[in-house]
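Enquirer: Use the sequences and the hints to build the structure in full.
Numbered by the working numbering, the letters in the sequence shown go through residues 18 to 61 in order.
Keep in mind that the hints were calculated from the coordinates and are not lab data.
Quick reminder that beta carbons are idealized off the backbone N, C-alpha and C, glycines included.
One thing to keep in mind: the hints can contain errors.
[Unchecked claim] Each pair of labels, with its calculated beta carbon distance range:
{"id": "1", "residue 1": "48", "residue 2": "26", "range": "31 to 39 Å"}
{"id": "2", "residue 1": "32", "residue 2": "58", "range": "34 to 42 Å"}
{"id": "3", "residue 1": "54", "residue 2": "30", "range": "34 to 42 Å"}
{"id": "4", "residue 1": "58", "residue 2": "30", "range": "39 to 47 Å"}
{"id": "5", "residue 1": "54", "residue 2": "22", "range": "42 to 50 Å"}
{"id": "6", "residue 1": "55", "residue 2": "24", "range": "41 to 49 Å"}
{"id": "7", "residue 1": "57", "residue 2": "23", "range": "45 to 53 Å"}
{"id": "8", "residue 1": "52", "residue 2": "31", "range": "26 to 34 Å"}
{"id": "9", "residue 1": "34", "residue 2": "54", "range": "25 to 33 Å"}
{"id": "10", "residue 1": "51", "residue 2": "22", "range": "41 to 49 Å"}
{"id": "11", "residue 1": "42", "residue 2": "20", "range": "27 to 35 Å"}
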Amino acid sequence: MYNTHLKSCRRLIDMLLFVVLMKLKVILFKEWIVTYKYHVTSPN
18 MYNTHLKSCR RLIDMLLFVV LMKLKVILFK EWIVTYKYHV TSPN
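Expert: Shown next, in the form of structure tokens:
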């Protein structure tokens, strides 16, 4: 009983970590696009 509970807990934590990582990737990607566009459109 306790062992299965621990496994489900781990699965939940893994899922949460995965979601957080995906969100971070999306945020970083958006930031990269914004900076890239800024550099491309700027006269420099």
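Enquirer: Now tell me, hint by hint, if it's right for this structure.
Expert: Against the structure, the hints come out as follows:
Judged by the Cβ atoms, the range 31 to 39 Å given for residue 48 and residue 26 holds: they are separated by roughly 33 Å. Under the hint 34 to 42 Å, the C-beta atoms of residue 32 and residue 58, about 39 Å apart, fit the expected range. Between residue 54 and residue 30 the C-beta distance comes to about 36 Å, which sits within the given range of 34 to 42 Å. For the hinted restraint 39 to 47 Å between residue 58 and residue 30, the CB-CB distance of approximately 42 Å keeps it satisfied.
Between residue 54 and residue 22 the Cβ separation comes to about 48 Å, which falls inside the hinted range of 42 to 50 Å. Taking 41 to 49 Å as the suggested C-beta distance range, the pair residue 55 and residue 24 conforms, at roughly 47 Å. With their beta carbons about 51 Å apart, residue 57 and residue 23 fall inside the hinted range of 45 to 53 Å. For the hinted restraint 26 to 34 Å between residue 52 and residue 31, the CB-CB distance of approximately 32 Å keeps it satisfied.
At roughly 31 Å, the beta carbons of residue 34 and residue 54 sit within the given window of 25 to 33 Å. For the hinted restraint 41 to 49 Å between residue 51 and residue 22, the CB-CB distance of approximately 44 Å keeps it satisfied. About 33 Å separates the C-beta atoms of residue 42 and residue 20, a value consistent with the hinted range of 27 to 35 Å.
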